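Asker: Based on the provided sequences and hints, a complete structural model is requested.
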Amino acid sequence: MRHLESRQALQDEDAVLFRPILRTGGQFYLVAAGLLAVALWGFYAFSQQLRYGLGVTGLNRPVYWGFYITNFVFFIGISHAGTLISAILRLCRAEWRRPITRMAETITVLVLFFGLGSIIMDLGRPDRALFVIPFLQYGRVQSPLVWDVMSISMYLTASTIYLYMPLIPDIALLRDRVTGWRRGFYRALSLGWTGSPRQHRHLEIAIAIMAVLVIPIAVSVHTVVSWVFAMTIQPMWHSTIFGPYFVAGAIFSGIAALIITMALIRKVYHLEDYLKPLHFNYLGILLLVMTMLWFYFTFAEYITTYYGSAPDEMAVFWEKLTGRYATFFWAMVLFDFVIPFTILAYNRTRRTISGTVVASLSVVIGMWLERFTIVVPTLVNPRLPWSRGVYFPTWVEISVTVGAFATFTLLYMLFTKFFPIVSIWEVREGRERGLREVEERIREYLPGPARPEKARVSPEPPLVR
Amino acid sequence: MELSRRGFMKLTVLSGAGAAAGYGGVALGNLTEAASQDDRVPGGVERWVTTGCDLCSGGCGARVRLIDTRAVLLEGNPLHPVTRGGLCPVGQASLQLLYNPDRVKGPMKRVGARGAGQWEPLTWEEALRTLADRLRGLREQGEAHTLVALTGRARGIVPDLLRRFARAFGTPNVTDASGDDPSSQALWLTQGIGAPIAYDLENAKYIVSFGVPLVDGWWAPVRQMRALVQVRQGTPGRRGKLVQVEPRLSPSAAKADEWIPMNPGTEGALALGLAHVLVAEGLFDRRFVAERTFGFEDWVDESGRTNTGFRSLLIKEYLPSKVAKVTGVPEETIRRLARELAASGPGVALGPAGGQSNDRETAWAIHALNALMGAIERPGGALVARTAPLAQWPEVRPDETARRSLAMPKLPGARGDEPLAGNSFALLADALRSGAAYRAKALLLWGANPAFTEPGPGRVRQALSEIPFVVSVSSFLDESTQYADLVLPGHMFLEAWHDDPPPAGVPYPVVGVAQPAVEPPYQTRHAGAVILSLAQALGGRVAEAFPWKEFKDVLMASMEGLYRSRRGMIFAKQEESGPPRPLREWEWAPLPYKSFKEFWEDLVNKGGWIDPSYRYGEWTRVFQTPSGKFEFYSRTLRRAVEARARAQGKTPEESLAALGLAASKDQAFLPHYEPPRLAGDEGSYPLTLVTFQLLTLGDGSLADLPFLQERLAPHANVQWGTWVEINPKTAGTLGVHDGDWVWVESSVGKVKVRARLYPGIAPGVAAIPMGQGHTALGRYARGVGANPMELLGAERDPLSGTPALATRVKVSKA
Amino acid sequence: MAEAKGTPRWGMAIDLDRCTGCQACVVACKQENNVPFSSPEEAAYGREMAWIRVMAITEGEYPKVKTRYLPMLCQQCDNPPSVKVCPTGATYKNPEGIVGQIYPRCIGCRYCANACPYQVKDFNWYNWSGFRWPQEMRQSLNPDVSLRPRGVIEKCTFCHHRLQKARDQAAIEGRKVKSEGEYVPACVQSCPAQAMFFGDLNDPETTIAKLARSSRAFKMLDELGTEPKVIYLKEGEWSATPRE
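Going down the list, the protein sequences come from chains Y, L and D.
Here our numbering is used: the first residue of the first sequence is 70, the next is one more, and so on.
Here our numbering is used: the first residue of the second sequence is 186, the next is one more, and so on.
Here our numbering is used: the first residue of the third sequence is -12, the next is one more, and so on.
Because the hints were derived from the structure by calculation, they are not lab data.
Hints should not be assumed to be uniformly reliable.
As the list claims (entries may be wrong) - Facing chain D, a subset of chain L residues (Cβ under 7 Å, in silico):
#1 226
#2 278
#3 280
#4 290
#5 414
#6 422
#7 426
#8 895
#9 896
#10 900
#11 904
Note that the structure is predicted; figures quoted are calculated from it, not measured.
Here a beta-carbon is modelled for each residue, glycine too, at the ideal position from N, C-alpha and C.
Answerer: Structural data, given as structure tokens:
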């Protein structure tokens, strides 16, 4: 009885979280149609590439990689928004995570498709993409690109599971609320979830295991992405700090992407009650830390190059700092450090949602530029002095890139139409159990009289041990 | 309302997604189709045929790899004694000429307006009948001399046949587009022989090249590349030196040990400056000068007048300080160079390559320098090539009509007997327009494209459109052929017999014989056979002059001379590997053949014949001058001027003065410096433009080979285009950056090209390569780059009238 | 020259003192290996293809300027950076040290092209083989070398098909391929200045093995440890000798 009551109360309380799924307004279709148009345009551009070959891009000799590989690294970086942050926050039992984990995890899963897609788009023979599978096909495990393939597919699998598992209770909630074909859809996906304590316990253990597993996988993903570059002997690619540098950059851009997504969802779905300035502030602090970390890595990377003064490296170095890519480089510094640092370092600006969003937009742009200034200037300045490349993307690459962003946004929108973008049961759990737990935990931290008494320990099993 | 709008939008979204999926399917289908496309090249039986490359005057031996009937590779003939298996990029790319999709596939006649490019095919019989009728008409009207014949090449049996035809037909107006090499004028002035100087490069120890593009397309490029190796690495412990003197760092200058930049067209002054140092410091070859030369010291002629000698002229006029001002080469460098030349002897001076109005004087001064060094008829020096003992054809007996026409004066520009007469189609074109003694009524173009290759092609085009009847024997519809009434396509070189006459510069005779390797796929005929058929159609004495059925008969008739000479040898393997053997006297066993047939078969299979011996110092053969010596003071020239004056009814002095030479009367017959004439005033046109040929494009007839269009010149890094090289300093003052489009404008025209900032060119000089800017020819050449000839034609050599390939220009951002 | 002892290690030497930058090797290679030609637009975009190129670099300021030529082809490294990174084994090194490319296996990721410090791998940007050669010109294609489809990397193979032919011939005669002179790539064969040499580096008696020991010999980017089998010989220098 109590259960039913609370459920009713919950329904009233969290109705706003169900609304996007149950009702779709004309505005949604308008935006979706717009995004679809852009996506179709990108698709058309890609079909031109399939038809005529990579000749339709701006790639050439020696600039064999350009927008697509930049996008690849960028998208993979964004993917760290979700699973990694969500997992870390879960493991740290940061209670404020509850409304944002789902959003973050969704970004990861969806954006990874675009990361992988970018590689396939970049292939001269996308029809042979599966050749890279080791053992079954021709895949050579010695190739960093194959590491990438393995690592990303593992990450994609793990992230999908990690997104799906916490979704199950929410899907069950939906199953009970809808009719028609959707009921069957949700029933199938809910895997017979009844909400029994046993199921809860199993779910929580599974989530905990995945949260632990997913962290090393996520770190490995961006490490091997960086190794695609670092394992060559090309100037300013062949760098030992590329692994951590890329991982830090990935988390950096991931947080930024998450903040932007949160702000949009908050606005569109009226979730002001769930996503409070506090969430933005906390993530803003994380972003501030990453900004400084990013600066540290960048500084370390460039200062060692500069002091080493190897001529081949310096050619790339100066190309970035003062040459043809100076605009990109200094824009990167501006967007990745100057703007976000300035905004985030001050409480007054960081504690506003618009402040963190502006900082995040800046970081997302800056990190794309960072990927670009890593990929292209090296290729433009090969070791041997006689060929100096030029690279301008063509309409195809720009269209495909814009199309990819549009498709991603569209898919994300569609996701919100099928699944609650805020984890309802976790929010509920936070209300019902989190409060108590946090109090107990804090008591545990504290010395002396604040120590918890045995009697006050909850009779229910703890979330994670 | 709300629902229907949503429904509509849903529909839109869904149908959009559906369309995308459908399109994606199509695109993927395309990809898989492309992937599965069967692109196997058909195989077949492999066969190698010995032949020769016919694309320049280098005469490289070649062998072609055939798969069944397809030619798939051209390689150097390893038996060829001069090239030993080497073949330049042009030869390597030549299959793209053979299999060019834009070849003329059969005889055609013009149906539209001239230059409109409207053609109608006809049979060879019709075409030859049309041509013969037209020519017969000229003879019947006693106007045989109004036929002008222009051949694209000067040497070999086909041009000889054409000259023979002209003589039998009765026209004195035959010329070749190649013009005269300046060195042959120098040899004529000093040694009385109008042939290119044969440089004994392989044995040289010190070479000063006055702008000669030794390794980029001059004379016989492969031989010269090999010779350079020989000079530097041929003798252990001794490395020869190549000094390149020219305004730009050409590929040859880049390969030289030293590049001395200088003002364009002042090479002659520098040569005389060097001569001055040799004389002033007593470094010249006293014995050679004393025994074998004429006009070194002051001398008294028959009339008792004292003539200035070369020594006095040098001492008085060509002080290094003065020369340094003219040439821009520091005085110190001049002195050092002269001393090095004398110390490292035998030194030899080469040049110039041609292109300035003062080429003759420059070549003369350079060759005089050779004489001072005693580098005449000495190993590593300047030689006179021995000729090949080809059989002489029976004498032509022109009939009465022909004799009367042959007596008519030549049109200016038609090749004369002495090198002073101009040999230039540009000049001829001017004469045609300005109406000389008579107007040309018919023009035969035998593989020539003057509307592209001549300076000031606009005037040539005008002249072509004014000649009533133009016939072009050409494999492509090039710029000149556009003006033709009749197009007769010739065989391509791998489809036909041809001979490779001894290349210019090789001291001993080498004769290549090339057999056809592939069946001609189109309605084409041998260019030589066309002459035979034409003569046959005209009948009478004209036909009698050609007692051969087909071109192979002519070839065999000529080659029989080699067999009869009982000298030389058929190409054979060289025992030792490495560079070609230095030139040396040789003992010969007589040719081991029982009959000419046997000789011929071996000749064809091996690719040619050679007599690689040279006897230095056959003075009577090499000095065919009035004095029997090397003449610093050119009596040969004096005679020619006197003859010309007599013909014009003037005194020699008046005749000389009318030419507007800068040299004084005393100097005119001595090697001297004549400043280059550059059209345009310095104020409006501040830069001096020099033009140069690329190994890859030649005069432009190779522009239709895509393999070569990609490989124009590594130093410029330009593909499929034309560029102008300017010094970064010059560019700075013009505000021009590397890769900018610029206008290069002379007093007669302008072209749009890309700027290449090149530190290897003197400030104040601009250089443009020739060979691009085709408006016709073929799909790979048309519309690519610009033709610098459009800038030229305003200034000429005062004596011969040959237009200069240099001018003043201004460069501005386009 | 004697037969090869053991497994040969094919190598090339290029004497820069002899090389005149004429590019005969480039054209010979393109003709022999069915390498497609470009159009003006493609060339302007950097899509022109060649397995060997003559590179020129101009240094200095007027009037002290020097231009140097250097034919650049696959260096056939013993430790090839391209082979290491290839995800499918399309780029591989065979037992005789020749770095090859398996076109049907290449996925066109261009990783090898980026990893190669010599910039000698070319990519098929377009569907060349389908339309590049007009029908007439297709006649001059070499049947020994397959046409590459669009979207794959291609590279110098030291004219591997010529090695196969030489092997066949040697097998018929019951011997091994000679260590010099019998198997020669098209570029070496064509060189007008005889600046290129080819043979078995493992046989100390070959010209190339001797040249490799010359004091003029150097390898491109030797410091990277790629161990090239293409050896360059420096240009010589003239010095004035006193009069005797």
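Asker: When the nearest CB of chain D is found for residue 278 of chain L, is that gap smaller than 7 Å?
Answerer: holds (5 Å)
Asker: Double-check residue 900 of chain L for me: the hint is only fine if its C-beta lies closer than 7 Å to a C-beta in chain D.
Answerer: holds (4 Å)
Asker: Do the numbers back the hint for residue 280 of chain L, that is, is its least Cβ distance to chain D under 7 Å?
Answerer: This hint holds: residue 280 of chain L lies near chain D, its Cβ roughly 4 Å from the closest one there, short of 7 Å.
Asker: Mind checking the CB of residue 895 of chain L against every CB in chain D and telling me if the closest is under 7 Å?
Answerer: Holds, because the Cβ-Cβ distance from residue 895 of chain L to chain D comes to roughly 5 Å (cut-off 7 Å).
Asker: Restraint: residue 426 of chain L near chain D, CB-CB cut 7 Å. Satisfied or not?
Answerer: holds (4 Å)
Asker: Hint residue 290 of chain L vs chain D: min CB-CB distance below 7 Å?
Answerer: Cβ of residue 290 of chain L sits 10 Å from chain D, so the hint is violated.
Asker: Would the hint on residue 414 of chain L be counted as holding, given a Cβ-Cβ threshold of 7 Å to chain D?
Answerer: For residue 414 of chain L, the interface hint holds, since the closest Cβ of chain D sits about 5 Å away, which is under 7 Å.
Asker: Given residue 896 of chain L as an interface hint, is its Cβ closer than 7 Å to any Cβ of chain D?
Answerer: holds (5 Å)
Asker: Would the hint on residue 422 of chain L be counted as holding, given a Cβ-Cβ threshold of 7 Å to chain D?
Answerer: Violated, about 10 Å.
Asker: Would the hint on residue 904 of chain L stand, with a C-beta cut-off of 7 Å toward chain D?
Answerer: With a closest approach of 4 Å, the residue 904 of chain L hint holds.
Asker: Do the numbers back the hint for residue 226 of chain L, that is, is its least Cβ distance to chain D under 7 Å?
Answerer: Check passed: Cβ of residue 226 of chain L comes within 4 Å of chain D, closer than 7 Å.
When each numbered hint is compared with the structure, violations occur for hints 4, 6.
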